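Colleague: Sequence:
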Amino acid sequence: MRSDRRLACGADPDALLAQVSEGRGDERDAHQAGCPHCRATLAEYARLWEPFDELAATEVRAPAGLLDRALASVREQAGPVDFGRVPDEQGPYLVAARAIVAVVGHAARSSAGVRMALGALGELVDPGTGAETRAAVGAGVSGQSVAVDLTVAAEYGHDLRRLAEHLRERVVSEVRAQTGLEVVVVDVAITDVFPPLEPPTPPPPRAA
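Residue numbers for the sequence shown follow this note's numbering, so the first one is 1206 and each next one is one higher.
Since the hints were made in silico from the structure, they are not lab data. Accuracy of the hints is not assured; some may be wrong.
Claimed, not checked - Quick list of simulated restraints, FRET-style, between CB atoms:
1) Ala1235 x Ser1315: 45 to 55 Å
2) Glu1227 x Gly1296: 27 to 37 Å
3) Cys1214 x Leu1299: 11 to 21 Å
4) Asp1231 x Pro1400: 15 to 25 Å
5) Pro1256 x Cys1214: 26 to 36 Å
The structure presented is a predicted model; accordingly, all values stated were derived computationally and were not measured. Ideal placement from N, C-alpha and C gives every residue a C-beta, glycine not left out.
Sequences and hints are given; from them, build the entire structure.
Modeller: Have a look at this one:
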């Protein structure tokens, strides 16, 4: 049974599942290397396929139809494409990629040394000038796995390497705490450095 839905990037999830089941899950073509949707889906399929790899390593004769049943089981556990599937005592609940984008954007905006703010359409906006640049947050999600692309501008004077490390840790922690999902990769791009914002000039005192 094949899925009729495609990922947000247009990729076929069944092709990605076949890639994992054939032992090529770590191979990435040019599109997959830069696509959070494909990376999250490949990571989730690899996690779910691991027990079948262990079973395949056992020298026993597999019953007929085992591969098809294994593929169907992985598809069912991963859930619908572009949604996270979080186990719960009352039954699993789904988290959309756009909700994860919102969590990541808030975590980045509230981090010291970051100059960014998400506009209504997801633009990266410099709070000092209002100038818009490229989209700031991209997130791919499949099952319990999340991949994030994060683009920020930094304030001058901050260690950019440490800032990137802090952002990765913050994103992983916030997404796990607020959604129950696991971030498998966070790619951080620092595209610009702005001077620190000057505090607003206080109004002159009123004349007595």
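Colleague: All hints, please: hold or fail.
Modeller: Evaluation of the provided hints:
no.: 1; hint: Ala1235 x Ser1315: 45 to 55 Å; result: 34 Å, violated
no.: 2; hint: Glu1227 x Gly1296: 27 to 37 Å; result: 32 Å, holds
no.: 3; hint: Cys1214 x Leu1299: 11 to 21 Å; result: 19 Å, holds
no.: 4; hint: Asp1231 x Pro1400: 15 to 25 Å; result: 42 Å, violated
no.: 5; hint: Pro1256 x Cys1214: 26 to 36 Å; result: 28 Å, holds
Checked against the numbered hints given earlier, this structure breaks hints 1 and 4; the rest are met.
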